Every structure is written in C-alpha cells, then in structure tokens.
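Listed here are the chains, written in short residue letters.
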Amino acid sequence: MHFEYIIDGGNFAKAGTASSLFKKVLKQLNVDPKLIKRTVVALYEAEVNIVAHAYNGVIRIDIDTERIYINLTDKGPGIPDIELAMQKGYSTATPEVREMGFGAGMGLSNIKANADKLKIQSEVGKGTTVEIEILLKG
Amino acid sequence: MKIKQIAELLNGKVVCGEDYLDRSVNSVFASDLMSDVLTLKSEDLLLMTGLGNVQTIRTAEMSDINTIIFVRNKKVNEEMLKLAEENDMVLIECPYSMFKASGILYQAGLEPIY
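Protein chains in written order, with the working numbering: chain R, 1 to 138; chain B, 139 to 252.
Simulated from the structure, these hints should not be mistaken for lab results.
Just so it is clear, the structure is predicted and the values come from calculations on it, not from any experiment.
Wrong hints could be hidden among the right ones.
[What the hints assert, rightly or not] Restraint-style ranges between C-beta atoms, simulated for each label pair:
#1 Val-152(B) - Asp-64(R): 38 to 44 Å
#2 Leu-219(B) - Val-58(R): 46 to 52 Å
#3 Asp-157(B) - Lys-126(R): 46 to 52 Å
#4 Gly-9(R) - Asp-160(B): 22 to 28 Å
#5 Pro-95(R) - Met-139(B): 33 to 39 Å
#6 Leu-219(B) - Glu-4(R): 28 to 34 Å
[Said to hold, decoys possible] Derived list of chain B stretches under chain R, where covered just means 3 residues or more per stretch with a C-beta under 8 Å from a C-beta of chain R:
#7 164 to 173
#8 191 to 205
Heads up, the beta-carbon is just placed ideally off N, CA and C, and yes, glycines get one too.
Make a model of the complete structure from these sequences and hints.
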C-alpha cells in the first residue's frame, strides 16, 4: 500500500496532520500498538522538521507485511553538517518552533531511537531526504 | 487513580472528555517540552504541561496519552478542543503552578515515569 502527504513549510497549525492520518491507517490495519507508537513518533518528529525548516515537502509511505518505509523529501535549506545535526541538543530552530514545544535538538536522535533504519541525505540550498524504516516482523 | 479524583485534587476544570473520568492512570510526566514527551516509552501516563497549543494535543495523540492537565491557568482553545475530542481525550485546566500540582499528585500516590 502506498500513501502520500503534502507538507507546507511554516504551517505550524497543520503540523502533525499527516502523522495523525497515517496513525489511523495503522490502527485500521491492526498493527501492534508498540510499533504504531514508534512509527508515528518518528514520523511526527520528521514531519515537524519539514514544517520547521523547509519550504515544502512530500511524505511517501509504503507498507507491506514486512515493513513500513517512510520517505520524507523536502525543498529547503538543507543540512550542512548531518553529523552535527544528529547530536543531541544541537538545534537551529526558530523561536516560533520553540514556542510550539520543540526545537531542543532532540528530533533526529529520537527518530533514530524509534526507527530500525534511518538514512538522511541533504544538499545545501536544495533540500533534504529522510528515509525511515520500521520492521513489522522481529 | 481515577481521572475524576485527580481533577478534584487539583481544583481542576474538565473542559473535554467528561465521559471518560472513570479511566485510571498510575503515573505522571510534567513537561513543557514536547520533545521530551516524545521520548517516553510508557503509555500509562498523564501529561501535565503549561504549554497550551495544538502541538501539545498532537504530541499526546502520537504518544498514546489520553489525559492532559494544563497548569498555570493555561486555557484550551477551540482548535485544541476539536482535536482532543476527535481523540477521546480528557483535558483539565488547573489554576496551580506545575510544582504545586506535581506535589499534590505525588503525595496522593501517583508515580513518576523516571
């Protein structure tokens, strides 16, 4: 099954809408609640990142019996130093992001903690692609 | 402890989820930083926060948290209410500071997450 969600950069009121819709899908598919939580927490963190940092983005999700594969591709400023961005506490978030309860430099490491696989590719001035994989079978 | 009892202890006003006050919860996490809430593995918890915006509700939704106490007299707005109703959540407004509300619930036997 394939799902796609369009994300607007800067639209904080709508941030999390895609994660919410996909959570409903996973519930309908009777996925183990612990896996649902890991998936939607990782997805939500990544969705908030697009809203916080990019101009716009697309989330593409493929789910089969083996795994959930999430690809978040945005057009935005990109990440100059991914290793630095992965460090807990490192943040480039605006005051607006912090007012929403985020921007403490914990998002990427929390995505990593919840995902079975995480891959980040970025080009400065163009955008970022984040790939998250959650395995459905132990 | 039942949510109803928690609301009473905190002199709280239930603004959403009147029908779910018989639900029980054993532990509490108090935070204004949603990033910290998103790192929790536990599900049997109540969120106490002074952050009143729609992302508070979203964070709870993603974390399978169904009760939120807004301390420091923070008010729930329409948008938050709508989202909370969709997710069968209980929202309680409390006039106390986070320290006072935490102290009351701790003394009453509710447990910390860590």
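How the hints compare with the structure:
At roughly 43 Å, the beta-carbon separation of Val-152(B) and Asp-64(R) lies within the given 38 to 44 Å, and the hint holds. At about 30 Å, the beta-carbon gap between Leu-219(B) and Val-58(R) misses the expected band of 46 to 52 Å. As the Cβ distance of Asp-157(B) to Lys-126(R) is approximately 50 Å, the hint placing it in 46 to 52 Å holds. One distance hint, 22 to 28 Å for the beta-carbon pair Gly-9(R) and Asp-160(B), is violated here, with the actual separation near 43 Å.
Remark: the range hint 33 to 39 Å for Pro-95(R) to Met-139(B) is upheld by a beta-carbon distance near 37 Å. Roughly 29 Å separates the CB atoms of Leu-219(B) and Glu-4(R), a value that falls within the hinted 28 to 34 Å. For the stretch 164 to 173 of chain B, the proposed coverage by chain R is satisfied: 4 residues have a C-beta within less than 8 Å of a C-beta in that chain, meeting the threshold of three. Coverage of the stretch 191 to 205 of chain B by chain R holds [criterion: at least 3 residues with CB-CB distance below 8 Å; count 10].
Hint compliance for this structure: hints 2 and 4 are broken, all remaining hints hold.
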